[in-house]
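Undergrad: This is what each chain is made of:
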Amino acid sequence: MRSRVLGILVTAALVVVAACGGGPSGQQNVTGQPKSGGSVAFGLRSDLSGASLDPLRLFSDSDGSVAYGIYDPLLNRLGNKGDLSPWLADSWEPSSDLKTWTFHLHKGITFQDGTPFNAEAVVLNFQRHMDPRNKSLSLGNASLIDTVSATDDSTFVAKLKTPWVDFPQTLTAGYAFIASPAAIKQYGDDYGKHPVGTGPFALKDWVPGDHVTATKNKNYWKQPYPYLDSVTWRFIPDQDSKYAALKAGQIDVLQVATADQVVKAEKDSKLKVSKYEGNGGTFVMFNTQAPPFNDPNARLALSYATNRQEITHQIGRDRYPPAVGIFPPGSDWFSTGITEPKFDLDKAKQYLQAYGKPLSFKFNIVTDPITRQYGQVLQAQWQKAGMNVELNQMDQPTLIGAALGHQFQAQIFQYGDWFDPDYQFFTTWISPSTRLTVTNYTLYSNTAVDAALIKARATSDASTRKQAYAVLQQALAQDQPYVWLHYNTSYMILNSKVQNLPTIYSSVSKPFQMWVSS
Amino acid sequence: MLQFARAKVLHLVPVLFVVTSFSFLLTSLLPGNLAQLMAGPNATPASIAAVRHELHLDEPLPVRYVEWLGSAARGDLGRSPRTNQRVTDTIKERLPVSIEVLILATLIGLLIAIPVGIASAHRAGGVLDQAASGAAFGILAIPGFVLAIVLIYIFAVEFSLFPATGYTPFLTNPFANLQSFFLPALTVGLGEAAAYMRLLRSDMIATLQEDYIAMARAKGLPTWHILVRHALKPSSFTLLTVLGINIGRLMGGALIVEIIFGLPGVGRLLIESIYARDLVVVQGVVAFVAVGFVLINFVVDMLYGVLDPRIRHGRAVA
Numbered sequence: 001m002r003s004r005v006l007g008i009l010v011t012a013a014l015v016v017v018a019a020c021g022g023g024p025s026g027q028q029n030v031t032g033q034p035k036s037g038g039s040v041a042f043g044l045r046s047d048l049s050g051a052s053l054d055p056l057r058l059f060s061d062s063d064g065s066v067a068y069g070i071y072d073p074l075l076n077r078l079g080n081k082g083d084l085s086p087w088l089a090d091s092w093e094p095s096s097d098l099k100t101w102t103f104h105l106h107k108g109i110t111f112q113d114g115t116p117f118n119a120e121a122v123v124l125n126f127q128r129h130m131d132p133r134n135k136s137l138s139l140g141n142a143s144l145i146d147t148v149s150a151t152d153d154s155t156f157v158a159k160l161k162t163p164w165v166d167f168p169q170t171l172t173a174g175y176a177f178i179a180s181p182a183a184i185k186q187y188g189d190d191y192g193k194h195p196v197g198t199g200p201f202a203l204k205d206w207v208p209g210d211h212v213t214a215t216k217n218k219n220y221w222k223q224p225y226p227y228l229d230s231v232t233w234r235f236i237p238d239q240d241s242k243y244a245a246l247k248a249g250q251i252d253v254l255q256v257a258t259a260d261q262v263v264k265a266e267k268d269s270k271l272k273v274s275k276y277e278g279n280g281g282t283f284v285m286f287n288t289q290a291p292p293f294n295d296p297n298a299r300l301a302l303s304y305a306t307n308r309q310e311i312t313h314q315i316g317r318d319r320y321p322p323a324v325g326i327f328p329p330g331s332d333w334f335s336t337g338i339t340e341p342k343f344d345l346d347k348a349k350q351y352l353q354a355y356g357k358p359l360s361f362k363f364n365i366v367t368d369p370i371t372r373q374y375g376q377v378l379q380a381q382w383q384k385a386g387m388n389v390e391l392n393q394m395d396q397p398t399l400i401g402a403a404l405g406h407q408f409q410a411q412i413f414q415y416g417d418w419f420d421p422d423y424q425f426f427t428t429w430i431s432p433s434t435r436l437t438v439t440n441y442t443l444y445s446n447t448a449v450d451a452a453l454i455k456a457r458a459t460s461d462a463s464t465r466k467q468a469y470a471v472l473q474q475a476l477a478q479d480q481p482y483v484w485l486h487y488n489t490s491y492m493i494l495n496s497k498v499q500n501l502p503t504i505y506s507s508v509s510k511p512f513q514m515w516v517s518s
Numbered sequence: 001m002l003q004f005a006r007a008k009v010l011h012l013v014p015v016l017f018v019v020t021s022f023s024f025l026l027t028s029l030l031p032g033n034l035a036q037l038m039a040g041p042n043a044t045p046a047s048i049a050a051v052r053h054e055l056h057l058d059e060p061l062p063v064r065y066v067e068w069l070g071s072a073a074r075g076d077l078g079r080s081p082r083t084n085q086r087v088t089d090t091i092k093e094r095l096p097v098s099i100e101v102l103i104l105a106t107l108i109g110l111l112i113a114i115p116v117g118i119a120s121a122h123r124a125g126g127v128l129d130q131a132a133s134g135a136a137f138g139i140l141a142i143p144g145f146v147l148a149i150v151l152i153y154i155f156a157v158e159f160s161l162f163p164a165t166g167y168t169p170f171l172t173n174p175f176a177n178l179q180s181f182f183l184p185a186l187t188v189g190l191g192e193a194a195a196y197m198r199l200l201r202s203d204m205i206a207t208l209q210e211d212y213i214a215m216a217r218a219k220g221l222p223t224w225h226i227l228v229r230h231a232l233k234p235s236s237f238t239l240l241t242v243l244g245i246n247i248g249r250l251m252g253g254a255l256i257v258e259i260i261f262g263l264p265g266v267g268r269l270l271i272e273s274i275y276a277r278d279l280v281v282v283q284g285v286v287a288f289v290a291v292g293f294v295l296i297n298f299v300v301d302m303l304y305g306v307l308d309p310r311i312r313h314g315r316a317v318a
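If you read the protein sequences in the order shown, they are chains A and B.
For the first sequence, position 505 matches number 505 in this note's numbering, and the numbering has no gaps at all.
For the second sequence, position 250 matches number 250 in this note's numbering, and the numbering has no gaps at all.
Hints may contain errors.
What the hints assert, rightly or not - The calculated lysine to any residue pairs, modelled on SDA-like cross-linking and capped at a C-alpha distance of 20 Å, are:
1) A:K264 <-> B:I154
2) B:K92 <-> A:K342
3) A:K204 <-> B:T172
4) A:K497 <-> B:P169
5) A:K204 <-> B:P169
6) A:K342 <-> A:D205
7) A:K218 <-> A:V207
8) A:K264 <-> B:E158
The hints are simulated quantities; they were obtained by calculation from the structure and are not laboratory data.
Start from the sequences and build out the full structure, keeping to the hints where you can.
TA: Structure (structure tokens):
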């Protein structure tokens, strides 16, 4: 979910988003054979963000986890590398200009209320998101669509305003969860409280702020799923209580675990840990248009003074890999032969000298205990290089506000897992002067990067795209508008009887294939 | 009595006005561009402007305040831009949780405090008094969030007697409901018991020095009769005042307890809304809690009159 750019940010956060992989492949720690019956309770870290299960209002990892129980997306991300798999759509293809996308829908599916699922239903769902009056949280993506239509009962066509190779990547969540048109019509404004999808579980009981329970959809179109009789999602904001609830057997899956909880759970024979090594990142970003960090020497000095290893060791308990740059070295998009700054105090001092005056600045962080540790460790590292750092603590919305309004010198930030670079990085790095973005927080502006990003968006040729992203990687390594600290690994902790949790991309769980062993 | 009530009601008006204008002003002064946050991560300059207009952020502050106050007076606190739900509906959804914590915690507090307080005052300095005082100071010294975690560890994790978190509505299952409220109510109630007990004890010791108590003793009335019928009522003023303040405070939700025990009460609603910058809800909840607080203290003021006739006849006591 791209929305996580803001969504997950730094809450208890630097906690990391779990991603879930799995699926028919990609399960971790599975013992025994699938078995029908039983129930599983998930402990989510926050309430539904819009107090609603209307696809218009789905946004966070908690929303997504419940949505995967009740709805099905058009495409799904299964397996360990996050590749797209068919789901409600059996297959799809773009036109040669990447502007018209055709989806062949699976036939014979019905919604939980008996309404048939067809291309008309998909059109109606997309039109709701595209209408700005509905204030869909997927409006950013939906506004890039020009028209949607049903050419026959099982063919859905989306015409985009511009070529966009990455469009299918957005169809695994948010606006791609398809709701029953009959239920939308019946409940109107109140639909969010009466969600009806095609998913493996149908809503049974909902106590706002406490839990949602859904029971098995006996007519689920993808047999033999689901195995479980029922699923409950509990909203537990406090980390310690969530862990206590897991130990007490009130929940079976703890979503978005902290590094400390993972260390504890690894020693507990009744628990097991599920993880996904994602490519989302935690980083320090600079305002490149305001002093002192409008001077590249200041940014490079800071980057060389940052000991990433120490951060992941002290705070992350070695549960997250230290970052090198924008692309993790194992990524398909990583280009070798580009020098990225590493911890080197001598080099830091050289760049400080080139900067030519004492470097002092304010570093914005969030007030939660984990992020404060990042602030303190980084402050100590930078002071060692001779910089004068003042920590500026604020709550998360203020931090996001500062980012959007460019009211900062340096601040900590985070983004979730991405599956195609365009999806995550186009709006982050395209120059603000193009007026194609409001989320280029650093105000970074580089015409070579602009050209590369636009080229990579408008072609499906893998090697052309990789070359274009090498330009981005090179430019960012040289200019350091971000200092990447570490890549995010998602963790969930499970009761050991819980089996077959799919890989947890973006901290979202999917219950369709899970079962419990006796 | 009626005149006394009328005077009190007239006092309410300026208090409520000040409270609501402050809450409105403070939330308006919060940093960050609200429209930009509400417009979401993929906002365009045009969509931000649309949100600004819709939230009336393009109008001057006094105009917005008067508009808001006008609809608030008619019982309309607006709709949350985040959930599109009416603020009054959201409060109605969350209020039963906070009220139940309030009632159960107050009951636990009073059930412990009154007997222990009376007994301690009766034999001030005795073994029971010293033990009770020691326990009270111990409990007062433990922060609520520590007490909550300790109770969870003992009663939920080790003995599995009560759930660690969560909430079952009373009408769904009364037994499970009381089970889910026991630990949170105990966390709040223990702290209150300690405070109430100390208050009642010291007032009662003073009352027991009064001449009419010596008179009652001289008449040979039984000790329990003197303590409960003669001494308790005049000793309960401070207790009542603090009780009123506490109940008013708990109406706004026992914040820490609601977060730790995962109870969907008013306090958690307020915190979540602050973090989401859902200022419409924040203003609505603050106004609601302020009005509730003022009204409860109004009731407490009226109860003084019941406890002490001198007050309702307008003769000052102190």
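Undergrad: For a quick check of understanding: which of the numbered hints are violated here, in increasing order?
TA: 2, 4, 6, 7
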